[in-house]
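Modelling step: build the complete structure from the supplied sequences, incorporating the hints.
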Amino acid sequence: MATLAELRSLVQPTTLAHERLLPVGSPLDGLFPGGGLARGTTVRVDESTSLALALIAEATRSGSWVAVVGTAAIGWAAAADLGVELRRLLVIPRLARATWAEVVAALVDNMAVVVVRPAVPVPERDARRIAARARERGAVLIVDGPARCWPIEADVVMGVSGHWSGLGAGHGRLQSRRVAVSLSGRRAANRHRTVEAWLPGADGSLRAVPTGRPVTVVR
Amino acid sequence: MTPQRTLVVWCRDWPIVALGASAGEPIAVMKANHVVATSPSARVAGVAEGMRRREAQRRCPEIRLADHDADRDARAFEQIVVALEAVTPRLEICRSGSCAFPTRGPSRYFGGDEALAGRVHELVGGLLAERDACGVGIADGTFAATLAARRSLQRAGSPPVVVAPGRSAGFVAPFPVSALAALGSVPADVVDVLGRLGIRRLGELTDLPRADLLARFGRPGVLAHALASGEDDRPARLGDPPADLDQCAEFDPPAEHVEQVAFVAKTLADRLVAELAGRGLACTRLLIAFETAHESAGGAESVERRWRDEGALSAAAMVQRVRWQLEGWLSRPGARSVGGLRSIRLHPERVGPATGRHVGFWGDVDNAAASAMRAAARVDAILGAGSVMVPRPSGGRGVGEQVRLVPIDSMDAALDPSAAAVPWPGRVTRPHPASVWPTPVVAELLADSGDTVGVSGRGVLDGTPARLSIDGGPWQPVVGWAGPWLVDERWWDPLAHRRRARFQVEVATGAAHLLALEASTWWVEATYD
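For the protein sequence lines, the chains are A and B, in the order given.
Residue numbers for the first sequence follow the working numbering, beginning at 1 and rising by one.
Residue numbers for the second sequence follow the working numbering, beginning at 220 and rising by one.
Hints listed in this document are in silico derivations from the structure and should not be mistaken for laboratory results.
Note that the coordinates shown come from a computational prediction; the quantities given were computed from them, not determined experimentally.
Please note that the accuracy of each hint is not assured.
[Stated by the list, open to error] Distance windows between CB atoms, simulated:
(1) B:ALA240 with A:LEU86: 57 to 67 Å
(2) B:CYS467 with A:ALA147: 36 to 46 Å
(3) A:SER165 with B:TRP710: 33 to 43 Å
[Stated by the list, open to error] Simulated coverage check for chain B against chain A, where a stretch passes if three residues somewhere in it have a Cβ under 8 Å from a Cβ of chain A:
(4) 436-449
(5) 722-731
Just so it is clear, CB atoms sit at the ideal spot from N, CA and C, and this is done for glycine as well.
So, in structure tokens, the structure goes:
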């Protein structure tokens with residue numbers, strides 16, 4: 001076994017961490033510079049649970065496992081509608097502050113994607129350590145929360161803004177939400193991009209809004 | 220190779236016996252809401268294995284239901300194992316309630332197979348509450364012997380059944396093919412296909428050419444044919460496994476807790492499975508040996524047990540056997556203070572070719588599940604068992620009820636997926652909220668006049684919602700709202716009765732919430748973010 005591992009490290013084609021991507025469903029893939037979530041990066045989603053769920057959907061369907069840490073407040077029915085394969089999720093709903101860093105580090109070591117939802121700001125030392133660990137292990141860390149929760153700069157920051165349709169003044173019901181999903185960040189992602197989408201559409205899934213130019217690049 | 224003459228002891232309804240209940244009491248042992256074992260009086264009342272809890276209670280209202288506990292079964296079986304060790308040193312435990320050993324030595328000593336079977340029956344029957352609750356069978360190979368033991372249980376007084384050497388094929392021929400899945404290690408889907416092809420009895424299976432079964436079903440087909448032909452389930456001997464595969468660990472100071480030993484055993488088992496896998500082997504019979512710190516006249520006390528499995532023992536299964544052996548041994552009637560455990564040894568006694576799955580050469584997606592399970596085990600180790608959950612579909616109307624979180628260790632016993640498939644009239648419609656608050660958050664919904672919006676008993680609003688504040692936060696203007704949807708749940712139960720009026724409210728920032736008015740207080744149940 002030891003020789004096999006040695007041999008493997010010799011002949012394995014060299015892939016840099018940023019070249020390995022986790023798939024992301026349409027139309028979000030157009031936002032990312034490489035067309036998917038680069039392994040080893042940190043993505044901060046600005047307070048949108050449905051966007052965080054939409055980001056992991058394609059990865060879970062293609063066989064990757066995802067851990068969701070520190071929250072029980074997720075609508076799993078909505079997650080399933082967005083295409084998340086619930087069989088490949090591990091959820092750690094309750095997490096004390098004392099063990100937070102230890103547990104997240106253990107998950108980053110073994111999972112393809114870790115979604116954290118810090119209730120209180122993460123100490124800067126812990127944040128740096130975990131981001132470095134994710135970079136080293138090729139895991140994607142998704143932080144779902146406002147900027148103050150994550151004291152260091154994330155590789156990619158995503159956000160949504162939009163309005164619901166279907167609700168009137170005392171009549172109707174929520175049907176779908178048309179949003180502009182934005183992405184900005186460092187290095188390859190330093191251009192601000194947006195894409196129009198239904199998040200969620202009438203059937204609860206993520207849909208592209210058919211327009212001439214799906215992705216706007218602003219210099 | 221001629222199969223080994225084997226004796227199998229099979230105790231009827233072992234999970235019931237392990238409970239230690241009085242005879243005649245109707246009991247059923249439940250696992251994942253289904254009956255796995257029944258006592259004779261429950262069977263008379265019409266309760267059968269595989270039945271659901273409700274159905275069992277309907278047929279027999281006075282029935283006592285007990286949860287299945289594999290550890291309890293294993294602990295209780297220890298006394299039988301100890302008794303049989305007086306007959307043979309080569310005892311293999313197949314499962315709780317059943318064990319096997321080769322008859323060659325003991326048979327000659329006791330004067331023939333019949334005499335040996337009679338003696339074993341007397342020995343084991345004497346330990347059980349009912350003498351005829353134990354079946355003994357001798358035949359060529361474990362599979363045929365197990366069928367013989369089960370046959371002996373069906374006869375009055377359970378006289379041992381001894382199949383003459385070379386007659387096993389004829390003996391097993393009238394048994395149904397389902398026995399291959401229940402007692403052999405043939406996958407259930409193969410047996411299912413056989414049934415649909417019109418092959419009902421093992422004898423009909425042996426009429427087919429083995430080459431055709433190999434072509435249609437692969438290895439399981441050959442195994443099924445071999446078992447039906449009265450051959451042993453073991454492939455040709457690979458020779459004794461090399462001794463350097465033994466995994467030992469010493470405890471200094473001696474280990475005092477079962478958990479401590481199980482933790483070390485996990486490392487040993489992982490290493491053993493990896494070593495075997497490196498040679499393309501899998502362990503089918505494992506010897507677990509303990510040595511205690513208790514010094515007696517003959518030196519240190521040691522306990523050895525052999526555990527066999529029809530398929531191959533995984534690392535997790537090995538650890539479970541270690542735990543069973545340890546707990547069984549500690550619960551012996553004459554258990555003394557043993558002063559802890561000094562060493563543990565895992566020795567693969569019999570190995571077979573590994574037929575498990577192959578991972579990708581670069582090990583990627585195939586490893587993902589194993590890697591995730593490792594992560595779950597590590598987190599469980601940090602936070603305590605039951606802290607890692609997995610979402611599973613379940614039935615329900617409320618926003619958080621359609622999928623529920625269950626601890627990962629109870630995954631087999633997960634919620635009934637069929638409940639999720641049936642329609643739930645009145646359930647919250649799509650799109651579902653992305654955030655569902657486990658405990659609702661207090662909110663305030665004011666009308667233009669500045670009064671809290673209220674709903675009358677008939678569902679009439681006394682104002683138009685204008686401003687919303689969540690948990691004492693800033694006021695946000697309401698741009699759209701709908702409702703009320705009145706929910707009157709469990710009105711038949713005064714303690715669980717709830718009356719709520721639900722609303723969907725969108726505020727100016729584009730956020731939407733599912734609000735509920737209950738007892739004049741507004742709550743945010745979920746948020747569409």
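Indices of hints not satisfied (ascending): 1, 2, 4
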